[in-house]
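Novice: Now for the letters of each chain:
Protein chains: 2
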Amino acid sequence: MTQSPRRKSIGSQRNPETIAAVRAAAEAVLEQKGLAGFTIEAVAKEARAGKPTIYRGWGGRAGLLLDIYQSRKPADLHPDTGSVRSDIAAFLVNLMDSWEGTSAGPIFRSIVVEAQQTAASRNALDGYFVEVIAETEAMLSRGAASGEICKDANLPQAAEMLLSITVQRLLSGRSLGVKDAGLMADMILSGIAPQTNGSSS
Amino acid sequence: MTQSPRRKSIGSQRNPETIAAVRAAAEAVLEQKGLAGFTIEAVAKEARAGKPTIYRGWGGRAGLLLDIYQSRKPADLHPDTGSVRSDIAAFLVNLMDSWEGTSAGPIFRSIVVEAQQTAASRNALDGYFVEVIAETEAMLSRGAASGEICKDANLPQAAEMLLSITVQRLLSGRSLGVKDAGLMADMILSGIAPQTNGSSS
Chain R
1 MTQSPRRKSI GSQRNPETIA AVRAAAEAVL EQKGLAGFTI EAVAKEARAG KPTIYRGWGG
61 RAGLLLDIYQ SRKPADLHPD TGSVRSDIAA FLVNLMDSWE GTSAGPIFRS IVVEAQQTAA
121 SRNALDGYFV EVIAETEAML SRGAASGEIC KDANLPQAAE MLLSITVQRL LSGRSLGVKD
181 AGLMADMILS GIAPQTNGSS S
Chain D
1 MTQSPRRKSI GSQRNPETIA AVRAAAEAVL EQKGLAGFTI EAVAKEARAG KPTIYRGWGG
61 RAGLLLDIYQ SRKPADLHPD TGSVRSDIAA FLVNLMDSWE GTSAGPIFRS IVVEAQQTAA
121 SRNALDGYFV EVIAETEAML SRGAASGEIC KDANLPQAAE MLLSITVQRL LSGRSLGVKD
181 AGLMADMILS GIAPQTNGSS S
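Going down the list, the sequences are from chains R and D. Here the first sequence is numbered in the UniProt record's numbering, starting from 1 and rising by one per residue. Here the second sequence is numbered in the UniProt record's numbering, starting from 1 and rising by one per residue.
Any given hint might turn out to be false.
Pairs count within a copy or across copies, as identical chains cannot be separated in the list.
List of simulated lysine-lysine pairs, DSBU-like, C-alpha gap at most 35 Å [claimed, not checked]:
1) Lys-151 with Lys-51
2) Lys-45 with Lys-151
3) Lys-73 with Lys-33
4) Lys-33 with Lys-151
5) Lys-151 with Lys-179
6) Lys-51 with Lys-179
7) Lys-151 with Lys-73
In short, the hints are calculated from the structure, not lab data. Note that the structure is a prediction, hence the values are computed from the model and not measured.
Whenever a hint applies, use it, and build me the whole structure from the sequences.
Specialist: Structure below.
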């Protein structure tokens with residue numbers, strides 16, 4: 001589970017009290033004003049902090065939203081069911097459920113919107129994708145260890161494919177149920193080419 | 001290549017002259033004011049049409065942008081190279097190139113943004129996805145005919161996976177080159193599970 005070079009470390013520039021104050025302010029502003037009223041200005045005012053502090057620490061609105069998003073998403077998106085096929089299907093369903101059933105979905109959509117406006121926001125979104133991909137890769141690694149997945153399979157790429165289909169479904173308003181999730185797990189595992197004995201071109 | 005029931009047919013309500021006038025106005029407004037100034041109001045004024053006409057005919061800003069987008073995207077996203085693996089890789093590269101190298105990319109991003117605001121826009125985006133998925137499915141069908149793809153493979157789902165990875169890359173600012181495209185084609189075809197003889201669970 002390696003970190004992408006594109007993820008920025010900003011922790012060293014921040015002190016814990018400021019972080020806590022800005023986070024609390026961000027939660028309060030989101031609660032009181034909703035996503036439409038969630039601006040850097042409003043959060044800075046609520047936190048009695050300068051806007052540059054927030055830009056420096058979080059990169060902008062998307063980074064701040066991502067911080068809230070991370071604190072709200074379920075801890076266990078990637079269960080260990082004992083079968084990698086079931087793990088994959090459960091991950092897809094868990095992620096969609098967290099988006100469709102909680103405030104995480106609207107916040108995530110808002111991050112995607114923001115990411116189309118500024119490079120800093122796009123990097124924040126990309127950093128989140130890198131993180132989920134790494135977590136999903138760790139889940140797939142269990143399948144490689146158990147022999148359910150090829151030792152030389154490109155796990156980050158498989159993980160990205162799984163993530164991307166949930167993102168597309170969310171953004172275009174299509175749900176993804178248990179049956180779809182199972183079909184997608186089958187496809188990632190077996191592909192669509194006729195199975196040949198031993199060769200995997 | 002079946003049409004999804006979720007795609008709306010609006011042609012019957014529109015007369016060709018109005019369509020042409022609104023399209024020309026939309027192109028002109030986009031040219032003159034850019035995406036930020038591209039509003040239903042501005043297009044209606046330029047076309048000397050009422051805003052309800054545009055809402056009725058195109059659903060809203062996303063539908064109008066999609067109309068422009070469709071007229072600008074390359075005709076041949078899905079080449080027939082004689083090998084389905086090459087076709088898949090070429091499709092991924094062609095779609096990313098059209099997004100990264102032309103005005104189609106910013107327009108598409110703007111449609112995605114709009115789709116997070118209203119249900120009509122979300123349906124427009126979904127309708128576009130349905131269309132690309134159907135075209136990609138047709139491409140994969142050639143592989144099924146030639147024996148490169150299983151007869152009973154779920155082609156719409158494979159097509160959706162291919163599309164979704166390009167969407168995710170675009171939205172998070174990652175490019176997708178020829179090498180990635182080839183790896184993705186391999187993965188969709190062969191999967192990541194060890195190949196077994198004959199069984200494809």
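Novice: Now tell me, hint by hint, if it's right for this structure.
Specialist: Against the structure, the hints:
For the homomeric pair Lys-151 and Lys-51, neither the shortest alpha-carbon distance inside one copy (48 Å) nor that between copies (58 Å) is at most 35 Å. In this homomeric assembly, Lys-45 and Lys-151 never come within 35 Å of each other (Cα to Cα): the closest approach is 52 Å inside a single copy and 61 Å across copies. Taking identical chains as interchangeable, the C-alpha atoms of Lys-73 and Lys-33 lie at most 35 Å apart only when both belong to the same chain, with a minimum of 21 Å there against 39 Å between chains. Taking identical chains as interchangeable, the C-alpha atoms of Lys-33 and Lys-151 are never at most 35 Å apart, the minima being 50 Å within one chain and 53 Å between chains.
For the homomeric pair Lys-151 and Lys-179, the shortest alpha-carbon distances inside one copy (27 Å) and between copies (20 Å) are both at most 35 Å. For the identical chains of this complex, Lys-51 and Lys-179 are neighbours neither inside a copy (46 Å) nor across copies (42 Å), given an alpha-carbon limit of 35 Å. With identical chains, the CA atoms of Lys-151 and Lys-73 are at most 35 Å apart within one copy only, with a shortest distance of 31 Å there and 40 Å across copies.
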